[in-house]
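Peer 1: Protein chains in written order, with the working numbering: chain A, 1 to 622; chain B, 1001 to 1244; chain C, 2001 to 2119.
The reader is advised that the hints may include incorrect statements.
[What the hints assert, rightly or not] Covered stretches of chain B, as calculated for chain C (at least 3 residues, CB under 8 Å):
(1) 1025-1038
(2) 1109-1116
(3) 1152-1161
(4) 1233-1241
[As the list claims (entries may be wrong)] In silico BS3-like pairs for lysine-lysine, Cα to Cα no more than 25 Å straight-line:
(5) Lys2109/C x Lys1057/B
(6) Lys1057/B x Lys2054/C
(7) Lys1077/B x Lys2029/C
(8) Lys2029/C x Lys1141/B
(9) Lys1057/B x Lys152/A
(10) Lys545/A x Lys557/A
[Claimed, not checked] For each label pair, taking beta carbons as the anchor points, the in silico distance ranges come out as:
(11) Lys470/A x Ala2087/C: 47 to 57 Å
(12) Ser2059/C x Ser615/A: 43 to 53 Å
(13) Ile372/A x Val2051/C: 45 to 55 Å
(14) Phe611/A x Val2039/C: 37 to 47 Å
(15) Val2051/C x Ile336/A: 37 to 47 Å
Rather than coming from a laboratory, the hints here were simulated on the basis of the structure. If you're wondering where the values come from, they're calculated on a predicted model, not measured in any experiment. Even glycine gets a Cβ: it sits at the ideal position worked out from N, Cα and C.
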Amino acid sequence: MATMAAPVSGVHAESSSPSGIWSWLTTVDHKRIGILYLVSAMFFFVWGGLEALVIRLQLAGPNMGLVSADMYNQLFTMHGTTMVFLVVMPLSSAFFNFLIPLQIGARDVAFPRLNAFSYWVFLFGGLVITLPILFGLAPNGGWFGYAPLTTKAYATGYNIDYWVLGLQILGVASLAAAFNFITTIINMRAPGMHLMRMPIFTWMSFVVQFLVILAFPAITVALVFLMFDRFFGTNFYTIAAGADPLLWQHLFWIFGHPEVYILILPAFGLVSEVLPTFSKKPLFGYPVMVYSGMLIGFLGFGVWAHHMFSVGMGPVADSVFSLTTMLIAIPTGVKILNWISTMWGGNIRFTTSMLFGIALVGLFTIGGISGIMHSSAPADLQQTDSYFVVAHFHYVLFGGAVFGIMAGIYYYFPKMTGRMLDETLGKIHFWTFFIAMNLTFFPMHFAGLYGMPRRIYTYDAGQGWELFNKLSTAGVILQGVGMLVFLYNFIKSWRSGPVAGNNPWGAPTLEWALPSPVPDYNFAHIPTITSRYPLWDQKADELVKSEAETTVGGRLKTAKELGIPMPFPTIRPLIAALLMSTMLCSVLFIHAGNLPLAMTIGIGSFLGLAFTLVSWLTSPLE
Amino acid sequence: MASVAKTDPHHAGDAPHAHPPTSTGLNHRKIAVWAFIGSECMLFVSLISTYLIYKGKSLAGPYPHEWWCRATNTIAKSAAELGQCAPAETFKPILNIPVTSASTFVLLMSSLAMVLALAAVENADLPMPSGAWDRILRSSKTWLWMTAILGTTFLGFQAYEFTSFVHEGLTIRTNLFGSSFFTLTGFHGAHVTVGVLWLLALLGIDYKRGLKPADALNVDIAALYWHFVDVVWIAIFTLIYLIQ
Amino acid sequence: MANEVAHAADAHGAHADDHFHPQWSTYWKVAVVLTAITVVEVWIYYIPSFVASKLFVPSLLIMSAVKFAIVVMFYMHLKYDHKLFRALFTGPLLIAIGTLFGLMFLFGKLAIRLGLGAG
Ligand SMILES: [Cu+2]
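Next up, chain A with everything else stripped away, as it sits in the complex (with noise of 0.2 Å):
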């Protein structure tokens, strides 16, 4: 894939890194790091896809048997583990890591071995958790896991410890992740690159990370106590010893919450940069976008009992928590009305890209005001637990963030490959996915009005729930369908895509200077940058250098060429992150009942890992 060739302005940007799988895995580069969590993603999102049309088959009619209930729980379990974690929060991190730097005028971010380490820890965890399916054995305890339910004496058997363990080592790539791109905006912006300067989508990741570090420990220690239960014989969801049973859902949802912005947040950005391109006009409101981003992720950390107003929190924690969810509406709601401003009187293209972008301004506000009607404790507790709610939640999940990454996926799939994607078939797989993303969604507004409670594996028919299962389960065939054109295109083009200049959709920002694909230095020299729009207002030669200077004999110069030190790739990363993966998972010989091996496995791990730490530690960077 390194090695596809991409004329730029007449020039071949000939990739002069090395191919072959081993250049993958011991890779540093954010680009291929990029990429790599873009495809890993996207697998698992035909995994989870596929898990959610064997449920919606299962739902089709009245008393169908396709599969257990047992079977059931892990499905719907598994589908939502697996698209928040492996499919949302991924294709975000995906971006993250493409564009950061590149919006930034940086040449990686600031720490490349932890960045490696990331994804790799991303990818075992990911592992961790999907597989255990294919025996039977996935996690089954909904994708909240709420304790004591998910406690051994509940679930005793090895699913929710796959659930668990998995989730851990999720948590140490998200965080160590967020660490590394808070210090690279803060400090690798170019010369010229203010805070007030930086790309949207940059502000927005920035954002993400600060709720990612401040979220992730509260699920951290919540599943630590779950470990520790269930593994351990502590006491910590032990309703008999006197513990709490909402010890778990308050601790879940201090992260939980913010979650949802760490989803749709990332979206949100890559819009905001889609929008103005194709309606060629600036942002509107570029300042107030950013506040209110700051604004949602603040709130977002004093909203998280709006999911437990049916567990009789008494009168005053309801009114303040619904009091201050009503309060968050209103700064997205200013990023609804800025986007709108931002394409009125805009000269419009219909791109693929733009028209994902345009369709999640419209379904995230269908979301977002169903979200406001579950504000009030009343309210929610007519809709809590039923389909309204499922219906809710994928407007704003897949109607915002999937159709926010869509928009994103054809808006820089020729950065990424230095090829376009294909606009027809993408027009297709746009409107089979509008309308099969409607199809399935909006009628279980219905179901869930009419009384349909959500996880439940069948329905007896007289209910008044046939018709609106019966389209639901016709929209996600038709998703499939849409996902199938897509994945088609994306191959296709990959390999055989009309090829794309530096700068095919007359973009503004930092990273359409750059050859596509972009050379592993990113920036041949640093630029200055004097506007929030360089390219719309600085001329090229102040961003990049002319093409005498980074161009010899036809292809681009290498790092080497330029006098630009590179890091070095490294396999220490994977190493670390497969022992430490493997360390946590050594109890689950404790549950099999041999502490022995248990002991020998996890010490083993560690010491491998310690060893390989002080080996990455003291080994040159570049």
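Since chain A is already given, all that's left is putting chains B and C with the ligand on it; use the hints.
Peer 2: Relative to the frame of chain A, chains B and C with the ligand by itself:
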């Protein structure tokens, strides 16, 4: 909000020559460590909150501040108030304030040793005083050793505390107090352990080639972590040990 | 305190332009203050009448907050360091403390008296 162009001369020249200067003039790792510390606040708040939420919720003893009679499952402020209870059934309050006060003091003093180590490294290129005693006081090795030893002493106190609690009938599985107490303080102890290893690594460098003012940043980062662990203990000592 | 700090920094002629770390004497003074507060904390723990009074918990909380702040400001030299570090620490700390208070309230460890009838 504008980017800060002010440079931090202390850390300038830290990056390899070929790299552009950082946007803030600050060092990458120091920023990352502060972000890490911010994240750790949330980790310890979650652990401390759990301890506090479960305070007084254990259905059986032993308890942190109260006497407990197992036979009758009664709690009292003092042994006398417990009334008739066989000695084997009587459990005294678990928390040992004198011992923990000592270990708290030890950890506070380790923070002092840590800042003095940093000051010694920062001033390592100033002319050394002639007196032997003054030389010892100016040596970074002295204070790094001192910090590591005090940290290890704190861990020793914790090991003593944990084993004596187990002897007194409290394990991590006994009740909510045991689970939340051992997990919270265990997490803190693990942080101290990492800190001691970090200090030993710095000492290794110091013996190998001597820590120079140019290394001050590395010592500073370790010190920030160390002080943060100390600061967490300040909160734990008050919230868990002293408040009844 | 500020004077002493300035003085301490000036004393290091070679480093005066360098960093504004408070040096030796300040570090020792801080240690003395920390020790003194710790002694008071433990001391009042052993005064039953004070333990029983309404002042006990607030005074302990204030004292540990002061210790916390002193260590962060002087030993972690946040007082003298770049304001960015201050923001990186205080922002998360405030959210963490807010979460702590939220949880204490939700689990009935803190009561809010609204004055609505007999509570
Ligand atoms: Cu929420």
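Peer 1: For each hint, tell me whether it holds in the structure or not.
Peer 2: A quick look at each hint next to the structure:
1. With 7 residues having a Cβ less than 8 Å from any Cβ of chain C, the region 1025-1038 of chain B passes the three-residue criterion, so the hint holds.
2. Under the rule that three or more residues need a Cβ within less than 8 Å of chain C, the assignment of the region 1109-1116 of chain B holds, with 6 such residues.
3. Against chain C, the region 1152-1161 of chain B contributes 0 residues with a C-beta closer than 8 Å to a partner C-beta. That does not satisfy the three-residue criterion, and the hint is violated.
4. By the rule of at least three residues with a Cβ nearer than 8 Å to a Cβ of chain C, the coverage given for the region 1233-1241 of chain B holds, with 5 such residues.
5. The straight-line distance between the Cα atoms of lysine 2109/C and lysine 1057/B is roughly 12 Å, inside the 25 Å bound, and the hint therefore holds.
6. Between lysine 1057/B and lysine 2054/C, the direct Cα distance comes to roughly 22 Å. Compliance with the 25 Å bound is thereby established for this hinted pair.
7. Of the supplied pair hints, the one linking lysine 1077/B and lysine 2029/C is violated, its CA atoms being roughly 38 Å apart against a limit of 25 Å.
8. A distance of roughly 22 Å separates the Cα atoms of lysine 2029/C and lysine 1141/B; the hinted pair therefore holds under the 25 Å criterion.
9. As the CA atoms of lysine 1057/B and lysine 152/A are separated by approximately 21 Å, the hinted pair is consistent with the 25 Å bound.
10. With a C-alpha separation of about 12 Å, the suggested pairing of lysine 545/A with lysine 557/A holds against the 25 Å cut-off.
11. The beta-carbon spacing between lysine 470/A and alanine 2087/C, approximately 54 Å, falls within the hinted interval of 47 to 57 Å.
12. For serine 2059/C paired with serine 615/A, a C-beta distance near 51 Å keeps the hint of 43 to 53 Å intact.
13. Between isoleucine 372/A and valine 2051/C the C-beta distance comes to about 49 Å, which sits within the given range of 45 to 55 Å.
14. A hinted range of 37 to 47 Å holds for the C-beta pair phenylalanine 611/A and valine 2039/C, which are about 45 Å apart.
15. At roughly 56 Å, the beta carbons of valine 2051/C and isoleucine 336/A sit outside the given window of 37 to 47 Å.
Violated hints, in rising order: 3, 7 and 15; the structure is consistent with all others.
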